[in-house]
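Student: Residue strings, one per chain:
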Amino acid sequence: MSPALIFGLLFALMLTGMPISISLGLTVLTFLFTMTEVPIESVGLKLFSGLDNFGIMAIPFFILAGTFLTRGGVARRMIAFTTSLVGHLPGGLGLAGVAACAMFAAISGSSVATVVAIGSIMLPAMVEHGYPRRFGVGVISTSGALGILVPPSIILVLYGVSTNTSIGALFMAGIVPGVVLALMLAAVTWFVAWRNGYPKMPKASLAQQFKAFRESLWGLLLIGIVLGGIYGGVFTPTEAAAVAAVYAFFITVFVYKELKLAEVPKVLLQAASMSSMLLYIITNAVLFSFLMTHEQIPQAMAAWIIDKHFSIWMFLLVVNIILLLAGNVMDPSSILLIMAPILFPLATKLGVHPVHLGVLMIVNTEVGLCHPPVGLNLYIASSIAKMGISEITIAVLPWLLAMLVFLGMITYIPEISLWLPRLLGMI
Amino acid sequence: MLLRILDRLEETIIASLMGAATLITFVAVVHRYLVDVPVLYPYLFGINLAWSQELCIYMFIWMAKFGAAYGVRVGIHVGVDVLINRLNDSWRKGVILFGLLGGALFTAIVGTMGAKFVIELMHTDQVSPDLELPSWLVYACIPLGSYLMCFRFLQVCWTYVWTDQLPHHDATHVDDIEVSAKAPIALGEA
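Protein sequence lines, in the order shown, are assigned to chains Z and C. For reference, each letter of the first sequence is one residue, going 1 to 427 in our numbering. For reference, each letter of the second sequence is one residue, going 1001 to 1190 in our numbering.
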């Protein structure tokens, strides 16, 4: 009885448009006041202890690094580099856009930052070179979703923290799927461009390629610092994030000079408010999962699933459907914080690897980012390209289909996610 | 006037906490590696930065509590507005007001619980593990931040009743590029 009540109240509150964090909190309070005999005082403590974890602190650091990097410079040079590599192929600028998104995703943990950074430079350039707007928007808004799959990823940190899974292993697990998805999106881009005869760019000489590479080196080094640092045991993910933030500040202000020192407080404020919003949802999601555990809801669901002899195959299908539906109303971080503590115990009971579940959840939320009503990537791309949302919805269809195929592969071939971390001995 | 000072203070606090926490963690990492360099060893060995991790966590928790209040003022908190966008104007207004008052209620309750908790702690000698700060001081961010957030909710509510204006954080705003369409909701950094 009480699970239905808890979720019913949560959804009713969420539908009033109040912040998701507040809906979670009010649901918990209602139950604590009326139904259970948990001492209310422990809630006050939870509001603090929920965040008392150095792992969570990677999130504000990665957000700060992303906010610096979005200020241009790094993205522009990466685009120049990828264009010199693949620009001469059919749909050259589109392919360069996919590659630049994948590269930028490897230094930023968010897909919003990726779409903003790459899209704001790439979309106008594509229109200028005679590509249709809808093609550019389709490429960039779907490739931008790589931002949360390719490490570092804020969403993977959230999953790691809320399920006690190694963040380092999750980051490594995101690499192969990220490359596979990038290749699939590139294949669609190439096919669409080839069918419609979109323009190619002139072929760059080896010297030009090398020059573009050297200029984007500062940004590319960050990939090595974060991933190499974590894998090599030089720092913890949180420390890597802090180093990345300082490094991003350094190259944006002193090397590329895209930002004046006087503007730094503005960037800090922007990153701080974004981080606080996420940390506030985390606090309340911790309260919510405390309520779930106290009511033994995940355990009851697990018992039910075992009792009904659900196969892993069926279970994963149901998980996908639930997550895709959730993607219609919530953004990735909220989905993850609410669903991960519920799905995790069920999945481990059935023998799904925690790292596999994490990657699977990320890919599901990625699909949600690329279709209405809450597909944030679409809204960003639409405001950059000045196109209506309904038109964009049709424009992304070819790439969205590729993402759904990819989701199927991730779901039923766990080795795509597990191979690399296993090879490195992390799981 | 007083409100303007409060606004500025809020912004300054969260931006400085963000910057300071980053610097401290960065310095602690650099220190850990430089201490192994023989030339620097005598200078750096005496500096113990074991407390940096705890300080970083506390700074971010304080930032999160005050930043959440700032977020209400600028409308950065994520909500689901698929349904309310389809309601007619008078219903819509009622539902949005309900949501805002719900926020005020929640933060008021949490603030009061936090205040009780902090007052109890003041009667004890509890200190934090590394920094040995009095616990009540560390936990004071819960009542302070929550009451401030409650105030911000009421403030937004008041403005909305009289002017029909809600703070709207435009996550799709891109520097140097004119924005035509607006996202229906301000979503998180994801």
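It should be emphasised that the hints constitute simulated quantities derived from the structure, not laboratory data. For clarity, every value in this text was computed on a predicted model and none was experimentally measured. The beta-carbon is built from N, C-alpha and C at its ideal position, and this holds for glycine as well. Where hints are given, some of them may not hold.
As the list claims (entries may be wrong) - Simulated restraints, written as ranges between beta carbons of each label pair: (1) Lys-386(Z) x Arg-1008(C): 34 to 42 Å; (2) Ser-49(Z) x Glu-1132(C): 49 to 57 Å; (3) Val-234(Z) x Glu-1132(C): 27 to 35 Å; (4) Leu-261(Z) x Ile-1013(C): 15 to 23 Å; (5) Ala-187(Z) x Trp-1051(C): 47 to 55 Å.
Student: Looking only at beta-carbon atoms, does the pair Leu-261(Z), Ile-1013(C) fall within the given range of 15 to 23 Å?
Tutor: holds (20 Å)
Student: Could you see if the CB distance from Lys-386(Z) to Arg-1008(C) stays within 34 to 42 Å?
Tutor: 35 Å Cβ-Cβ, so the 34 to 42 Å window holds.
Student: Do the beta carbons of Val-234(Z) and Glu-1132(C) sit within 27 to 35 Å of each other?
Tutor: holds (30 Å)
Student: Given the hint of 47 to 55 Å, is the C-beta distance from Ala-187(Z) to Trp-1051(C) inside that range or not?
Tutor: The hinted range 47 to 55 Å holds for Ala-187(Z) and Trp-1051(C), with Cβ atoms some 52 Å apart.
Student: Tell me if the beta carbons of Ser-49(Z) and Glu-1132(C) are separated by a distance inside 49 to 57 Å.
Tutor: violated (18 Å)
Checked against the numbered hints above, the structure violates only hint 2.
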